[in-house]
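Chemist: Sequence:
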Amino acid sequence: MGDESKIKRLIRENGPFVWKTYWGVYFGTLGATFLGIQCGIADPARFLQKMGVKSTSDMLHIFFESHVRWSSFGGWIQSSPWMANLAVAWLVAEACEPVRIAATTILVPILLSRKEKERDSSRSGM
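In UniProt numbering, the protein residues as written are 1 to 126.
Treat the hints as calculated values from the structure; they're not laboratory data. A virtual CB, placed ideally from N, CA and C, is assigned to each residue, including glycine. Keep in mind that the hints are not guaranteed to be accurate.
Within a straight-line C-alpha distance of at most 25 Å, the following computed SDA-like cross-link-like pairs (lysine to any residue) qualify [said to hold, decoys possible]:
hint, residue 1, residue 2
1, Lys6, Arg114
2, Lys20, Glu97
3, Lys20, Ser79
4, Lys8, Ser79
5, Lys115, Gly36
6, Lys117, Arg9
7, Lys6, Glu94
8, Lys20, Phe34
9, Lys6, Met83
10, Lys117, Pro16
11, Lys8, Ser80
12, Lys20, Pro81
13, Lys6, Ser122
14, Lys115, Val25
15, Lys8, Ser122
16, Lys117, Phe34
17, Lys6, Ser113
18, Lys8, Phe34
19, Lys20, Val92
20, Lys20, Ser80
21, Lys115, Ile7
22, Lys115, Glu13
23, Lys6, Trp82
24, Lys8, Thr29
25, Lys115, Gly28
26, Lys115, Ile101
27, Lys115, Asp43
28, Lys6, Ile110
29, Lys115, Phe34
30, Lys115, Thr29
31, Lys115, Thr105
32, Lys115, Ala45
33, Lys20, Leu10
Pair by pair, the computed Cβ-Cβ distance ranges are [claimed, not checked]:
hint, residue 1, residue 2, range
34, Gln38, Ser121, 15 to 23 Å
35, Glu94, Asn14, 22 to 30 Å
36, Ser121, Arg46, 31 to 39 Å
37, Leu91, Asp120, 53 to 61 Å
38, Pro16, Ser79, 39 to 47 Å
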């Protein structure tokens, strides 16, 4: 509850800056995870093979086919492996939401302090 009230206070006091920081952390997480999977640094297929699934795209195809609302995506994901990697990266990014909120709560005061110091040094330099 303490973290939640702190993030709410930060949003109330610095709304746009907090949201920009949060979305920067979100897209940074999503992009880094996607690139890691795409380049083979992180290999979800190796983990899935232990569960008896051949590939990430097969697993996502099975998942999407079993959900009526998402069934039209099943074949598309299976035919586009990079889309399967993006879907896995998105799932990882979603699972990391508590970490993103904590990171935003920590980063905003640090970034605001740095921004204020830069503003003060530019004013004194004039």
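Chemist: Now tell me, hint by hint, if it's right for this structure.
Modeler: Evaluated hints:
The straight-line distance between the Cα atoms of Lys6 and Arg114 is roughly 20 Å, inside the 25 Å bound, and the hint therefore holds. Proposed proximity of Lys20 and Glu97 is supported: the alpha carbons are some 15 Å apart, at most 25 Å. At most 25 Å may separate the alpha-carbon atoms for a hinted pair to count; Lys20 and Ser79 exceed this at roughly 34 Å. Taken as a hint, the Lys8 and Ser79 pair is broken in the structure, with Cα atoms around 43 Å apart against an allowance of 25 Å.
Proposed proximity of Lys115 and Gly36 is contradicted: the alpha carbons are some 31 Å apart, above 25 Å. With a CA separation close to 22 Å, the supplied pair Lys117 and Arg9 stays within the 25 Å bound. Distance restraint check for Lys6 and Glu94: the Cα-Cα separation of roughly 21 Å lies within the 25 Å cut-off, and the hinted pair is therefore satisfied. At most 25 Å may separate the alpha-carbon atoms for a hinted pair to count; Lys20 and Phe34 meet this at roughly 21 Å.
Distance check on the hinted pair: Lys6 and Met83 sit about 36 Å apart at the alpha-carbon level, beyond 25 Å; violated. Restraint check: the Cα-Cα separation between Lys117 and Pro16 comes to about 19 Å, which is no more than 25 Å; the hinted pair holds. Of the supplied pair hints, the one linking Lys8 and Ser80 is violated, its CA atoms being roughly 40 Å apart against a limit of 25 Å. This hinted pair does not check out: Lys20 and Pro81 have alpha carbons roughly 31 Å apart, beyond 25 Å.
For the hint pairing Lys6 with Ser122, the CA-to-CA distance comes to about 30 Å; that exceeds 25 Å, so the pair is violated. A hinted pair counts as satisfied when its Cα atoms are at most 25 Å apart, and Lys115 with Val25 qualifies at roughly 18 Å. Our distance criterion of 25 Å between C-alpha atoms is broken by Lys8 and Ser122, whose separation comes to about 31 Å. The suggested pairing of Lys117 with Phe34 is violated, with an alpha-carbon distance near 35 Å, which exceeds 25 Å.
In summary, the hint linking Lys6 to Ser113 is supported, as the alpha carbons are separated by about 17 Å, within the 25 Å threshold. Among the hinted pairs, Lys8 with Phe34 is inconsistent with the structure: their alpha-carbon atoms are about 30 Å apart, more than 25 Å. At roughly 20 Å between alpha-carbon atoms, Lys20 and Val92 fall within 25 Å of each other, so this suggested pair holds. A threshold of 25 Å between alpha carbons decides the hint, and for Lys20 with Ser80 the separation of about 31 Å lies outside it, so the pair is violated.
Under the criterion of a C-alpha separation no larger than 25 Å, the hint pairing Lys115 with Ile7 is consistent with the structure, at around 19 Å. Between the alpha carbons of Lys115 and Glu13 the distance comes to roughly 15 Å, so the proposed pair stays at or under 25 Å and holds. At most 25 Å may separate the alpha-carbon atoms for a hinted pair to count; Lys6 and Trp82 exceed this at roughly 38 Å. Among the hinted pairs, Lys8 with Thr29 is consistent with the structure: their alpha-carbon atoms are about 22 Å apart, no more than 25 Å.
Restraint check for Lys115 and Gly28: the C-alpha separation of about 20 Å stays at or below 25 Å, so the hint holds. Distance hint between Lys115 and Ile101 is fulfilled; the C-alpha atoms sit about 21 Å from each other, no more than 25 Å. Between Lys115 and Asp43, the direct Cα distance comes to roughly 38 Å. Violation of the 25 Å bound is thereby established for this hinted pair. At roughly 14 Å between alpha-carbon atoms, Lys6 and Ile110 fall within 25 Å of each other, so this suggested pair holds.
Distance check on the hinted pair: Lys115 and Phe34 sit about 30 Å apart at the alpha-carbon level, beyond 25 Å; violated. Distance check on the hinted pair: Lys115 and Thr29 sit about 23 Å apart at the alpha-carbon level, within 25 Å; holds. For the suggested pair Lys115 and Thr105, the alpha carbons sit about 16 Å apart, so the restraint of at most 25 Å is met. Taking the CA atoms of Lys115 and Ala45, the gap is near 42 Å; set against the 25 Å cutoff, the hint is violated.
Restraint check: the Cα-Cα separation between Lys20 and Leu10 comes to about 12 Å, which is no more than 25 Å; the hinted pair holds. A hinted range of 15 to 23 Å for the beta carbons of Gln38 and Ser121 is inconsistent with their spacing of about 40 Å. The hint said 22 to 30 Å for the Cβ distance between Glu94 and Asn14, and at roughly 25 Å that hint holds. Evaluation of the 31 to 39 Å hint for Ser121 and Arg46 yields a failure: the beta carbon distance comes to about 49 Å.
Checking the proposed 53 to 61 Å range against Leu91 and Asp120 shows it is violated: the Cβ atoms sit about 43 Å from each other. Remark: the range hint 39 to 47 Å for Pro16 to Ser79 is upheld by a beta-carbon distance near 40 Å.
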